[in-house]
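Trainee: Chains Y and R, in that order, give the protein sequences.
So the first sequence is numbered by numbering that gives the first Met the number 0: it starts at 0 and just counts up by one.
So the second sequence is numbered by numbering that gives the first Met the number 0: it starts at 0 and just counts up by one.
I should point out that these hints are in silico values taken from the structure, not numbers from a laboratory.
Just so you know, not all the hints are guaranteed correct.
[As the list claims (entries may be wrong)] Think about it this way: if two alpha-carbon atoms lie no more than 20 Å apart in a straight line, the pair counts; the simulated EDC-like pairs of lysine to aspartate or glutamate are:
no.: 1; chain 1: R; residue 1: Lys32; chain 2: Y; residue 2: Asp290
no.: 2; chain 1: R; residue 1: Lys32; chain 2: Y; residue 2: Asp257
no.: 3; chain 1: R; residue 1: Lys114; chain 2: R; residue 2: Asp128
no.: 4; chain 1: R; residue 1: Lys32; chain 2: Y; residue 2: Asp53
no.: 5; chain 1: Y; residue 1: Lys68; chain 2: R; residue 2: Asp128
[Stated by the list, open to error] A few chain Y positions that, by computed beta-carbon distances, are all more than 10 Å from chain R:
no.: 6; residue: Glu7
no.: 7; residue: Leu31
no.: 8; residue: Gly52
no.: 9; residue: Ser54
no.: 10; residue: Ile88
no.: 11; residue: Gly134
no.: 12; residue: Ser136
no.: 13; residue: Ala222
no.: 14; residue: Ala317
no.: 15; residue: Arg331
no.: 16; residue: Ser349
Cβ atoms here follow ideal geometry from the backbone N, Cα and C, with glycine treated the same way.
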Amino acid sequence: MSLVLSPEEQAIAAGHDGAAMAMRIVAESARLLGAPRLIPIASTHIDGALYHGDSGTLFAERLVEGGAKVAVRSTLNVGALDLMGCSRIRLEEPQRGMARRMMEAYRKLGCEQSWTCAPYQAGHRPEQGSDVAWGESNAVVFCNSVLGARTNRYGDFLDIACAIVGRAPDYGLHRPENRRAWLVFDVSGLSASFLASEIAWPVLGSLYGREVGNAIGVVTGIANHPGEDALKAFGAAAASSGAVGLFHIAGVTPEAPDAETILSGHAPETVIRVTPQMAAKARAGLSTATDHASIDAVAIGSPHLSDDEFDLLERSIAGRRLAVPIYACTGRHALAALERNGRRKALEASGVVIVADTCVVVTPIMPQLSGGVLMTNSGKFAHYAPGNTGYAVLYASLADCVESAVLGKPVFTDIAA
Amino acid sequence: MNAAEILVPGKTGEGEALVLTAPISFWGGVDPKTGRITDVRHPQHGQSISGRVLFLPGTIGSSSASAVLMELVHNGRAPAALVLHEPDAILLLGLIVAREMGWQTPMAVRLGSDKFDSIRGKLAVVNADGSIVLRISKEDSAS
């Protein structure tokens, strides 16, 4: 079926302004995807404002010059700079200036200055069943899986183009029939103590992503809702190790009241029974460091830390002085609560470096260090830090990360899978 | 030899064929300044896609692939043409947006990867109608 545009859409595409350019980009993508038409969307989350080179800045500025404005609510993912001035970014001129121009252009297009990869914890929560166009892999998977809103993985440029025209190609996960599960990922063979631990979710997410790739599965064997931060960690890890855009957890996520419903009454094509050995191997696979004698830094907050996660960080540090810094990445939405009662100053006095609007794997923040060792509780940081920062990583729970930062050497609490 | 379907129109291309034997993630896998394949785990690691007729069995990974391809176009380091096993809307968006910017972009055409093996090491020409013609490369004729 080939793409049919409405007369109104055709008229917009025939123009010479920014909206025309955006409509042509959306229509060309729809044609390549085999979408029969465009559908209206309720909101967008835009990953395209992170600087990768001058061409992206010039594109955003061309849209601004053409008078384009977003037609629907649009939040921004991280940029390459910390506009709140919490941390020092080592990006040099002329790249620094181009990154700033890019962030400014997206502001002028009418996007909200959210600058976070956790927009869903910054007040942007589309309704279940609504069509949206979201970018950034963890935001996409959370939006689909935990909120039950419908989005594909929107890449750079298409996200802002959809925001300007308020429409998206009708294909993939926008269609209800494409959202059902085909395989079962059964974790009932793991110990209750492991499943109740914080590390279970990034570890299982990492394993899930590697096992399923881009297929849609349902996780079974979870007795209680693990909390939103756990689902955030699972999705982020799964979307780093695989191309996961949507997962279901029976009895937890909104489209899967139980496994049978989300399998649409079919037998699963594959059942993955997760063993303690598989979980242990996945946990070990999140670390790349071989020298365990000392660590140089801890990084947390991928996806960006929530208020609850900052509470946990404060309680774990308990006023102690850190031997190596903890880089705590978050969005400006979480800063307001931190500014109250001197909480941010107290954390910084302990040795925490708050990073706002961006994070340590997308822009240079941590010192360049050959043979550096980074500890993290994030499956996503564990995946990207070696390639993007040059640091080897050690994966551990937040409690172990904090104890290790206090001592300057790695401490692990054993949690048997 | 092959009448391939045109995915994104552009400048006709000629260059030494580079046939990738594994899918690639452009973001984190190709240097946007030089076109060199930087992913150490990729079988063609160290080769440059710049100026080559690039045969892609598939792409994986980040949705910023479009940004990397557009940056290659802007820096004059794009492949001479792209030949894809199947359309990849995220990657090809880089060409679509570059065209909108008025920059000269290479053509992207579709060809089944079962035909890729016979192409390795040859000089490939992608014509305006999408057809792909192979010539024996200079190295082969010299040997």
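Trainee: Work down the list of hints and note, for each, if the structure agrees.
Mentor: Results of checking the hints against the structure:
Of the pairs offered as hints, the one joining R:Lys32 and Y:Asp290 is violated, with about 34 Å between alpha carbons and a cut-off of 20 Å exceeded. Our distance criterion of 20 Å between C-alpha atoms is broken by R:Lys32 and Y:Asp257, whose separation comes to about 49 Å. This hinted pair checks out: R:Lys114 and R:Asp128 have alpha carbons roughly 19 Å apart, not beyond 20 Å. For a cut-off of 20 Å, the pair hint linking R:Lys32 to Y:Asp53 stands: about 11 Å separates their Cα positions.
Between Y:Lys68 and R:Asp128 the CA atoms are separated by roughly 37 Å; this puts the pair beyond 20 Å, and the hint is violated. Remark: the non-interface label on Y:Glu7 is consistent with the geometry, its nearest Cβ contact in chain R lying 20 Å away (cut-off 10 Å). The beta carbon of Y:Leu31 sits about 4 Å from the closest Cβ of chain R, which is not more than 10 Å, so the claim that it is off the interface is violated. Taking the minimum C-beta to C-beta distance to chain R, about 4 Å, the non-interface status of Y:Gly52 is violated against the 10 Å cut.
At the 10 Å boundary, the C-beta of Y:Ser54 falls inside the reach of chain R, the nearest C-beta of that chain being 4 Å off. A cut-off of 10 Å between C-beta atoms confirms that Y:Ile88 is not in contact with chain R; the least separation is 19 Å. The beta carbon of Y:Gly134 sits about 6 Å from the closest Cβ of chain R, which is not more than 10 Å, so the claim that it is off the interface is violated. Not every CB of chain R is more than 10 Å from the CB of Y:Ser136 (nearest about 7 Å), against its label as outside the interface.
Distance to chain R confirms Y:Ala222 as a non-interface residue, since its nearest Cβ pair spans about 34 Å, more than 10 Å. The claim that Y:Ala317 is not at the interface with chain R holds, since no C-beta of that chain comes within 10 Å of its own (minimum 38 Å). For Y:Arg331, the condition that its CB be more than 10 Å from all CB atoms of chain R holds, with the nearest at approximately 23 Å. Chain R leaves Y:Ser349 outside its interface by the beta-carbon criterion, the shortest separation being 33 Å against a cut-off of 10 Å.
Figure legend: structure checked against the earlier numbered hints; hints not met, in rising order: 1, 2, 5, 7, 8, 9, 11, 12.
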